[in-house]
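Sequences listed follow chains A, H, B and S, in order. With my numbering as the guide, the letters of the first sequence map in order to residues 134 to 341. With my numbering as the guide, the letters of the second sequence map in order to residues 134 to 341. With my numbering as the guide, the letters of the third sequence map in order to residues 134 to 341. With my numbering as the guide, the letters of the fourth sequence map in order to residues 134 to 341.
You may find that some hints are simply not true.
[Claimed, not checked] Taking lysine to any residue pairs in the SDA-like style, the calculated list, with each CA pair at most 25 angstroms apart, reads:
#, chain 1, residue 1, chain 2, residue 2
1, S, Lys252, S, Asn279
2, H, Lys154, A, Leu227
3, A, Lys308, A, Leu227
4, S, Lys259, B, Leu290
5, S, Lys259, B, Leu239
6, B, Lys154, S, Asp246
Everything labelled a hint here was simulated from the structure, so no lab data went into it.
Number of protein chains: 4
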Amino acid sequence: MKRKDRRIQVLDCARRIFGRKGYHSTSVSDIIREAGIARGTFYLYFDSKRAIFDELLDELFVRIDECINRVDPSVGPGDVIGQLIDNVERVFALLSSDRDMTRIVLHEAVGLDQGFDRKLEEFYRKILDTIEVSLNLGIEMNLVRNLDVRIVALAILGAIKEVLYRQPEWLADAKARRTASEEMLRLFLSGLAEQELFSGMPEVSDTP
Amino acid sequence: MKRKDRRIQVLDCARRIFGRKGYHSTSVSDIIREAGIARGTFYLYFDSKRAIFDELLDELFVRIDECINRVDPSVGPGDVIGQLIDNVERVFALLSSDRDMTRIVLHEAVGLDQGFDRKLEEFYRKILDTIEVSLNLGIEMNLVRNLDVRIVALAILGAIKEVLYRQPEWLADAKARRTASEEMLRLFLSGLAEQELFSGMPEVSDTP
Amino acid sequence: MKRKDRRIQVLDCARRIFGRKGYHSTSVSDIIREAGIARGTFYLYFDSKRAIFDELLDELFVRIDECINRVDPSVGPGDVIGQLIDNVERVFALLSSDRDMTRIVLHEAVGLDQGFDRKLEEFYRKILDTIEVSLNLGIEMNLVRNLDVRIVALAILGAIKEVLYRQPEWLADAKARRTASEEMLRLFLSGLAEQELFSGMPEVSDTP
Amino acid sequence: MKRKDRRIQVLDCARRIFGRKGYHSTSVSDIIREAGIARGTFYLYFDSKRAIFDELLDELFVRIDECINRVDPSVGPGDVIGQLIDNVERVFALLSSDRDMTRIVLHEAVGLDQGFDRKLEEFYRKILDTIEVSLNLGIEMNLVRNLDVRIVALAILGAIKEVLYRQPEWLADAKARRTASEEMLRLFLSGLAEQELFSGMPEVSDTP
DNA sequence: TATGAATGAGCTTTCATTCAT
DNA sequence: GATGAATGAAAGCTCATTCAT
């Protein structure tokens, strides 16, 4: 088999198993059994169990990062909301295509090692920063009432994480994803907005 | 030392170390070193490493459970809100007294084993049920607009978990806890309520 | 078994096998098989394969070190020679009691690792220094002709090492050790001395 | 590339690396990386890692062997000494041109395997035989006093080995090699000879 | 009760060697 | 001839658990 194909194949197997059993409970033996390769072959492609895990992690981080755009305030208020919904929806869509690593990123946070913890921390910090900047922007634009930006950003992040983690079956269907994104946004925006911003929004259809 | 006291002492040590290093990275050696007991003694009190972990977990679940009361709708609408705030605040207070296990419960979710996953699942399911029942009640009482109860319950749970996990320093101070609880509630309620329910609430003092 | 006894037992087994097969070809499996203990037991007593080897090495170095005394020049010339012979004989006697590590120290010099190489280097450097000091002293006292101290010290060390390495059966018998020590000394002294120092020495009896 | 040239190229790389890192620490990967060939190609030219090592060893043994000539006693006593000096000097010269394998031969003696040990043993045995024959000849010719031939041969071999191993920088310069050879010979001959044989020898210039 | 020496299955990793292309 | 992906035995080491004292 071509070197590149084999890499991808092993990465796919590893992703699946890490997602199901977590980092610690996944052994190299598990991976090579699933991939149908010999022990040595694994180390031909990856330096260590940790290395393949990191590679999967980085890959996901990059893709998530690409999903999230800073809100462009130069458009009208309605479009700002549209941009936010699009952001959330893109993240939902991405993670629906990689539920295995999603489980890892969302919930394997303790005890891996300092390197992993730092990397994860950094990743979430960046997302939080994006949310906080958006909130501050909203406050400046008088779209958002005065509030504790840090705590609200955390709440938003946490809400999204939990929905992603607990409801993976939603993620399969594009229409349902749109619905969920809108519902989340509605939940937060109605709470944050100084006046009713959703008046002009189309009614969400049959949330299941 | 009395059997009961020794149990408690070992449980305390274990809780501390599990909280700091996570389940996998904590070894029985770590625990007995900290507790100052012999290897064999550990197994005199606990069946296995897993068993002591489970015991700590159950203990915490019970205590959290005791914190959360179903909302009593027979009182007026304002008191319903007060009951919700009290619920959140009690959870905050509890977890502030046991940050170690908090870390575990909030973030060690993957890869321990099926038994652990099921137990955690059950625990969160119960909390979610409580939230959902409260939401449905609110809808019936026309305090809460029509919404997707399941997704919103998840969002609320996730938001609380994230704040708890990321902001442990808040948990130390009772006054700050009250502030945080109110800010969270305000965030959600303003979004959920059909009309402005917070009009009659006392203004929160200096949210930092 | 008592902790101390077991340590000694394992050290003895390890010494024997290291001596026979060398560091690299000796596996921990070899040692535990010989010692009749479980894999884990080995690591209960020693941090690593390297650690037990180092311990054996250090033990030997200390003992060799204790054998070698600087020559005391305040006595007469004849006694100086006697002191040298005694030094050589004591080293012979010591190594006869530990042939296994002798093989290691004398010939395992390449490729272990930097730490080992440095330790060995240091050890030989100390011996060479002792020899050089003795030679310089001899030159000052006009007992030894003017010569290249460094190269001659090396030659003496090398000669002793080779005899020790290749003729271990000599080392068993105390009388033969005395004979060998004297023969070595005679060889070198007759070459180093400006006049015939051995004229007054008793004739060596039946070198085998 | 011609088969013969490739063989030589790979042998050269292997010699260099074995010399630097020793047999065990040298991997086939090291060799093929240095030689710029593929894994399989290596095994096209050599049966195994062990086989290429043996080949290098044999090559060196043959060359050393060619350096050492039996002393021809039919010439006068002075020329006998000259022949000995020439022998030593040729060995020094040879090894100066191949320091890498020198390190191996002189110090990688334990733990390769029985085959290696036997081969090395045989090689040194031959050298020792040559020395012993020369000594016996000297004794017969009354040039050498009566002594234990076996032990003295060992001492001479050991002295030469040690100087070669520890002082490789000398080996670079032809003049220094001559000086060292003479110093060594002087050391031994003055000790071995019944009368002063060096009286007629040219004085060594500036031994450092 | 309490001890701590002993266990052994199982982990990650290495590397000389093979073989289909 | 040449390649390099694939192999798998064996290495060093960890750690939850047991049991004789």
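Hints versus structure:
no., hint, result
1, S/Lys252 to S/Asn279, "31 angstroms, violated"
2, H/Lys154 to A/Leu227, "31 angstroms, violated"
3, A/Lys308 to A/Leu227, "14 angstroms, holds"
4, S/Lys259 to B/Leu290, "22 angstroms, holds"
5, S/Lys259 to B/Leu239, "21 angstroms, holds"
6, B/Lys154 to S/Asp246, "8 angstroms, holds"
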